[in-house]
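Visitor: Sequence:
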Amino acid sequence: MICHMIGQGHWPQKFFFFSLLILFPLSSVIMNKAPEAVTPGQRLGYVVDYNQGAGTYERDGLLYASVVGYRYIDSNDKGELPTIRVTKEKEQSAVPEVGNTITGKVIRVAPHQATVAIMIVDDIPCKEDFMGIIRLQDVRAAEKDKVKIYNSFRPGDIVKAEVISLGDARSYILSTAKNELGVIYATSVAGAAMIPISWQEMQCPKTKTIEYRKCAKPN
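In the numbering used here, the protein residues as written are 3 to 221.
Wrong hints could be hidden among the right ones.
In silico EDC-like pairs for lysine to aspartate or glutamate, Cα to Cα no more than 16 Å straight-line [stated by the list, open to error]: (1) Lys162 - Asp62; (2) Lys107 - Asp131; (3) Lys90 - Asp62; (4) Lys219 - Glu164; (5) Lys129 - Asp79; (6) Lys150 - Glu99.
Keep in mind the hints are simulated off the structure, nothing from the lab. Predicted, not measured: the structure shown is a model, and the values here were computed from it.
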């Protein structure tokens, strides 16, 4: 009947889409989605929408991943909130290759490079330890001579980068030059998850302090 009415032009498209959301709630769509690879500190959802499950922690009304793994949302038939959890997958292990997109944690910064512990390769968590290096010339595509590592990355930042070449002894050369690559999660000095306000700045929501980063363009 709905389709018939749409065909006759009786309902605007927006109202039809809104009706579909009522008939098929967004939560049910999310729960049927394929598991998504996540990293520690990655925001998962609000505590008002989900029960906290294994591999997660709560801070300021938000749920975050505490381990590297896959995010699962389990529905509940008793009318209770769905449970969100992060589970490590033991049967899969990724090995970085040139052209892969990785997610990793910055563990060290030096004047000419940042060292990254690679945690996820193309949405598959790593079971083994792989290290990557972001060199000064690979931070961004423009104005390379003005790049400063400390204004681009800090220890503890979660970054998304591309593997551009194989280094030596399990170390990979990474690049964040593309717009969609860079810092995807960082905490301020006050301990709050910062919000990107430009491609090179993030702001602490508590203190309003601005810190420099090479930010990844949000999807």
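Visitor: With reference to the structure, classify each hint as holding or not holding.
Guide: Hints versus structure:
| no. | hint | verdict |
| --- | --- | --- |
| 1 | Lys162 - Asp62 | violated, 25 Å |
| 2 | Lys107 - Asp131 | holds, 12 Å |
| 3 | Lys90 - Asp62 | violated, 25 Å |
| 4 | Lys219 - Glu164 | holds, 14 Å |
| 5 | Lys129 - Asp79 | violated, 34 Å |
| 6 | Lys150 - Glu99 | violated, 27 Å |
Against the hints set out earlier in the document, violations occur for numbers 1, 3, 5 and 6.
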